[in-house]
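Q: Based on these hints, arrange chain B on the given structure of chain A.
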Amino acid sequence: MLTALWHNIDYVASVVLFCIGLYVVIAKNNLIKKFLGLNIMETAVFAFIIALGVIEDGQPPIMTGDAHGPFASPLPQTLVLTGIVVAVSTTALALTLIIRVYRRFGTIEADELRELE
Amino acid sequence: MHLWPHWLALIVLTPLVGAALTPVVALIDRRTPTWWALSTMTVTSFAATMLVLRIFHEGPFSYVPGGWTAPYGIELHFDEFSAVVGVICLVGWLAVLFSSRYTDSLPEFARGRTPYYYTLLLLNCGGMIGFTVTGDLFNLFVFMEVLSLSGYALVAVGGERIAEMAAFKYLLMGAISSLLVLFAIGFLYGITGTLNIADVTARLHGFEGPTAPAAVALGMLVVGFATKAAVFPLHVWLPDAHAAAPSPVSAVLSGLVVKVGVIGMIRVYRIYYGSGMFDLTVLNLVLIWLGAISIVMGAFFAVFQDDVKLMLAYSTISNIGYIVMGLGLATTYGVIGASVHIFNHALIKATLFFAVGAIIYRTGYRTLTDLRGVGRAMPLTAVALSVGAISIVGIPPTAGFLCKWYIALGAFQADRPFFGFVLIFGALLIFIYYIRMVNAFYFREPVHAEVAEAKDAPVSMLLPTLVLASLCLIMGILGRVPLTFIEPGVARLLAPLGG
Numbered sequence: 008m009l010t011a012l013w014h015n016i017d018y019v020a021s022v023v024l025f026c027i028g029l030y031v032v033i034a035k036n037n038l039i040k041k042f043l044g045l046n047i048m049e050t051a052v053f054a055f056i057i058a059l060g061v062i063e064d065g066q067p068p069i070m071t072g073d074a075h076g077p078f079a080s081p082l083p084q085t086l087v088l089t090g091i092v093v094a095v096s097t098t099a100l101a102l103t104l105i106i107r108v109y110r111r112f113g114t115i116e117a118d119e120l121r122e123l124e
Numbered sequence: 004m005h006l007w008p009h010w011l012a013l014i015v016l017t018p019l020v021g022a023a024l025t026p027v028v029a030l031i032d033r034r035t036p037t038w039w040a041l042s043t044m045t046v047t048s049f050a051a052t053m054l055v056l057r058i059f060h061e062g063p064f065s066y067v068p069g070g071w072t073a074p075y076g077i078e079l080h081f082d083e084f085s086a087v088v089g090v091i092c093l094v095g096w097l098a099v100l101f102s103s104r105y106t107d108s109l110p111e112f113a114r115g116r117t118p119y120y121y122t123l124l125l126l127n128c129g130g131m132i133g134f135t136v137t138g139d140l141f142n143l144f145v146f147m148e149v150l151s152l153s154g155y156a157l158v159a160v161g162g163e164r165i166a167e168m169a170a171f172k173y174l175l176m177g178a179i180s181s182l183l184v185l186f187a188i189g190f191l192y193g194i195t196g197t198l199n200i201a202d203v204t205a206r207l208h209g210f211e212g213p214t215a216p217a218a219v220a221l222g223m224l225v226v227g228f229a230t231k232a233a234v235f236p237l238h239v240w241l242p243d244a245h246a247a248a249p250s251p252v253s254a255v256l257s258g259l260v261v262k263v264g265v266i267g268m269i270r271v272y273r274i275y276y277g278s279g280m281f282d283l284t285v286l287n288l289v290l291i292w293l294g295a296i297s298i299v300m301g302a303f304f305a306v307f308q309d310d311v312k313l314m315l316a317y318s319t320i321s322n323i324g325y326i327v328m329g330l331g332l333a334t335t336y337g338v339i340g341a342s343v344h345i346f347n348h349a350l351i352k353a354t355l356f357f358a359v360g361a362i363i364y365r366t367g368y369r370t371l372t373d374l375r376g377v378g379r380a381m382p383l384t385a386v387a388l389s390v391g392a393i394s395i396v397g398i399p400p401t402a403g404f405l406c407k408w409y410i411a412l413g414a415f416q417a418d419r420p421f422f423g424f425v426l427i428f429g430a431l432l433i434f435i436y437y438i439r440m441v442n443a444f445y446f447r448e449p450v451h452a453e454v455a456e457a458k459d460a461p462v463s464m465l466l467p468t469l470v471l472a473s474l475c476l477i478m479g480i481l482g483r484v485p486l487t488f489i490e491p492g493v494a495r496l497l498a499p500l501g502g
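For the protein sequence lines, the chains are A and B, in the order given. Read in order, the letters of the first sequence correspond to residues 8 to 124 in the numbering used here. Read in order, the letters of the second sequence correspond to residues 4 to 502 in the numbering used here.
Same shape as in the complex, but just chain A (with noise of 0.2 Å):
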């Protein structure tokens, strides 16, 4: 049990990222903070995710004339460009919103929110 833990060591920790993330989420008051455990998550979505693509002596995946395998899948990476666009358009609506949250109620502590609401 344990030693197959230890072999997929970076599944494991991409694992206990997304839960770090989750906690932040969950326990922090602020919104700023809760936001930046949201980007926890993501990274450690992105890290598992380009995890999968890497192999042991993985050649780049480009095709010159003496290439030779095995090859790191690309696929991926390219995945992870995608999901980056997404990370970076929804930080920038959620710091949107919560400056205009700022604007109108002179605070992002969420307990205050709660009471002004």
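Hints in this document: simulated from the structure, not taken from any laboratory. Small disclaimer: the values here were computed from a predicted structure and weren't measured. Incorrect hints may have been included.
What the hints assert, rightly or not - Among the chain B residues that face chain A by a calculated CB cut under 10 Å, a handful are:
no.	residue
1	Ala23
2	Val28
3	Leu30
4	Trp38
5	Leu41
6	Phe64
7	Phe141
8	Ser151
9	Ala159
Stated by the list, open to error - Think about it this way: if two alpha-carbon atoms lie no more than 25 Å apart in a straight line, the pair counts; the simulated DMTMM-like pairs of lysine to aspartate or glutamate are:
no.	chain 1	residue 1	chain 2	residue 2
10	B	Lys172	A	Glu122
11	B	Lys172	A	Asp64
12	A	Lys41	B	Glu163
13	B	Lys172	A	Glu119
14	B	Lys172	A	Glu63
By construction, the Cβ of each residue, glycine as well, lies at the ideal position given by its N, Cα and C atoms.
A: Just chain B now, kept in the frame of chain A:
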């Protein structure tokens, strides 16, 4: 050149390209964005009609962009469940028409930026269409993000006091559920090495090796899509978001966007039913119970609301409960009823939100107490509202009746009659609210002069409302058509691969 084979690509591209160009055409004249958005949706609706006609003739079909065949290329796949693009285009088109006057009542900051409002609305529709027709798991995630992000932004446009907070809450829960889905897609890619949904199903079929990762992926996908669909313990974002959004947006969000979660669940179920890896009885039982709790809780909270839009938002939770319960019953009748309810509830909820939106636009009030007597001042809108309310309760011969009847039949077919009674109980609870509303709108004296003197809604609002209200009746009378149409799709969903 004939476009026959290319409609499937065009239906995804048209709204997305149209959305990107809306701010550009706004440079011509202040009113052009409305016409531009309307014509974009018209082209999209035409494509949707062509696709639905084609599936009637020849059954499910695929489109291979750029000649890269599956599983290497990104496949677009159109099956019976994708036929929901028809209702997405219809409601989207009517929402744009409805917005043409409604945008006048938006707050200052949004009124100067109506082109961007239409951009978001078109992006939202394009994302939903892409989500329903894609045959690729990662593409599914991307389209889900397109429609979710535009949805979060649209909630904040309304200018209600709590709008931005509601949008942020929606964003937080929506983003977590999206990440769960992406994580699960990563799991499935790691196990099978492919992202094509049909290919994943085929490779999981007869998969030898540890099954735990696939089970974890299933759990994350179901939780992720259940959050998007606002199933009971994960529904907390919905009431505020849908009540704070501008009314045409509420119609789109409540009628269509929450259904995306359900369609996602159907896609996931196809993978796991098809592969036959797990016995899904336990998961189905969980879904039935969550559905039942959603039905009763949603209806219960709806009864005690004074704010009309908040009541409609809670009734959405109740109706999602019906769909999820039908899906969990896993019997032919139950799943057929659930699938058709995706379609019919979109019509009904859009009718209700349009009618309420027109009333709010004319009077400026939104609670039952303030709106007393509005039925006499705005007769046509109130009639449409009543038709919608009868449909949502499920009184024959309206659109809501047949699907609820089928889901109840499904409960009996699955030998769980208790849930059939839960369903009827939920409908009765909603009926109480309907009586309260009719009483307030028709039989009470107005408390505000504005309400008593209100004119009926302008044509651009009245037309969408009445079209949808008559469709609620027509779909009730012609109810057999969608039921028989979806049947082969449901049979394919429930059957294991190659058997």
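Q: Now tell me if each hint is right for this structure.
A: Here is how each hint holds up against the structure:
1. Ala23: At about 14 Å, which exceeds the 10 Å cut-off, the nearest Cβ of chain A leaves the hint on Ala23(B) violated.
2. Val28: Constraint on Val28(B) not satisfied, violated at 23 Å.
3. Leu30: violated, 24 Å
4. Trp38: Status violated, d = 28 Å.
5. Leu41: violated, 26 Å
6. Phe64: Because about 26 Å separates Phe64(B) from the closest Cβ in chain A, which is outside the 10 Å limit, the hint is violated.
7. Phe141: Given a least distance of 6 Å, the restraint on Phe141(B) holds.
8. Ser151: holds, 9 Å
9. Ala159: holds, 6 Å
10. Lys172(B) x Glu122(A): Distance ~15 Å between Lys172(B) and Glu122(A) Cα, so the pair holds.
11. Lys172(B) x Asp64(A): violated, 45 Å
12. Lys41(A) x Glu163(B): Distance ~23 Å between Lys41(A) and Glu163(B) Cα, so the pair holds.
13. Lys172(B) x Glu119(A): holds, 15 Å
14. Lys172(B) x Glu63(A): The hint is violated at about 43 Å.
Going through the hint list in order, the structure does not satisfy hints 1, 2, 3, 4, 5, 6, 11 and 14.
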